[in-house]
Amino acid sequence: AQSVTQLDSQVPVFEEAPVELRCNYSSSVSVYLFWYVQYPNQGLQLLLKYLSGSTLVKGINGFEAEFNKSQTSFHLRKPSVHISDTAEYFCAVRRFYSSASKIIFGSGTRLSIRP
Amino acid sequence: DTGVSQNPRHKITKRGQNVTFRCDPISEHNRLYWYRQTLGQGPEFLTYFQNEAQLEKSRLLSDRFSAERPKGSFSTLEIQRTEQGDSAMYLCQVWGYNEQFFGPGTRLTVL
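Protein sequence lines correspond, in order, to chains E and V. Note that the numbering used here has the first sequence beginning at 1, numbered continuously upward. Note that the numbering used here has the second sequence beginning at 1, numbered continuously upward.
FYI, nobody ran anything at the bench for these hints, they're computed from the structure. Please read all numbers here as calculations on a predicted model, not as lab measurements. The C-beta atom is built at its ideal place from N, Cα and C for all residues, glycine as well.
Okay, derived cross-link-like pairs now, EDC-like style, lysine to aspartate or glutamate, Cα gap no bigger than 20 Å in a straight line:
#, chain 1, residue 1, chain 2, residue 2
1, V, Lys14, V, Glu78
2, V, Lys14, V, Asp86
3, E, Lys49, E, Glu66
4, E, Lys49, E, Glu88
5, E, Lys58, V, Glu99
6, V, Lys57, V, Glu68
7, E, Lys49, V, Glu44
8, V, Lys14, V, Asp63
9, E, Lys49, V, Glu99
With the Cβ distance kept under 10 Å, some of the chain E side facing chain V (calculated, not the full set):
#, residue
10, Phe34
11, Gln42
12, Gln45
13, Leu46
14, Glu88
15, Ala92
16, Gly108
Construct all of the structure, not just a fragment, from the sequences and the given hints.
As C-alpha cells, then:
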C-alpha cells in the first residue's frame with residue numbers, strides 16, 4: 001500500500017519569498033509522484049509530475065519539485081511566490097506499471113501569501 | 001476548460017434520499033476515477049473505470065454507492081439512502097494517454 005504525508009498543513013510566506021512544501025511518501029513498489037493545486041472554489045489542477053528520468057521536475061507557474069528516492073520525498077519549491085499562488089497544494093502518488101492504480105493523496109498544505 | 005464537466009455542481013438533499021451525479025469527459029479518456037473530498041482533506045479514492053469496466057472500488061465505498069460507465073464515456077455515481085456523513089465534494093478525474101483532468105466537482109450537502 002502507498003501513503004503520502006504532507007508535513008505542514010499551513011505555510012504562510014511573504015510575497016516574493018521562496019517557499020518549500022514538503023511531501024514524503026511510503027510505498028513498497030515504485031511510484032509516480034504528482035503535485036496538484038486547488039485554488040479557492042476551483043477544481044484540482046496538475047502542477048507537475050515525476051514519472052522517470054531527471055529527479056528535478058519543472059511544472060507550471062514557476063514551481064518545481066525534486067524526487068529523492070533515498071529519502072522518499074518529493075518536495076515542491078518556488079523561488080519567489082506571488083499573491084496568486086494562494087491555494088491548497090496536494091502531493092499524490094500512484095503505483096508504477098499498474099492498469100488498476102488509484103491515486104493516493106496527502107491531506108494538503110494551505111499556502112497563504114502575505115503582501 | 002478543464003476537459004471534464006460535472007453535474008449538478010451543487011446538490012442539497014434530505015437524509016434518506018437518493019442522489020445521482022454525472023461526469024462528462026469532453027473528449028475520450030479511457031480511465032475515469034471518482035473521489036470524495038471533505039473539508040481540509042485530500043481527495044479520497046472511491047472507484048475507477050478503464051473504459052466501461054469498473055476495475056477497483058474502495059473498501060470505504062458502502063453498498064449504498066454505485067457507479068456506472070455504460071459506454072466508456074460519461075459516468076454516473078449514485079448514492080442511495082444518503083446520510084449526513086455523505087456530505088462532501090465528489091470529484092471526477094479522467095486520464096488519457098498523456099493528460100489528466102479533474103472536473104469541478106459536485107458538492108453534496110445532506111440535511
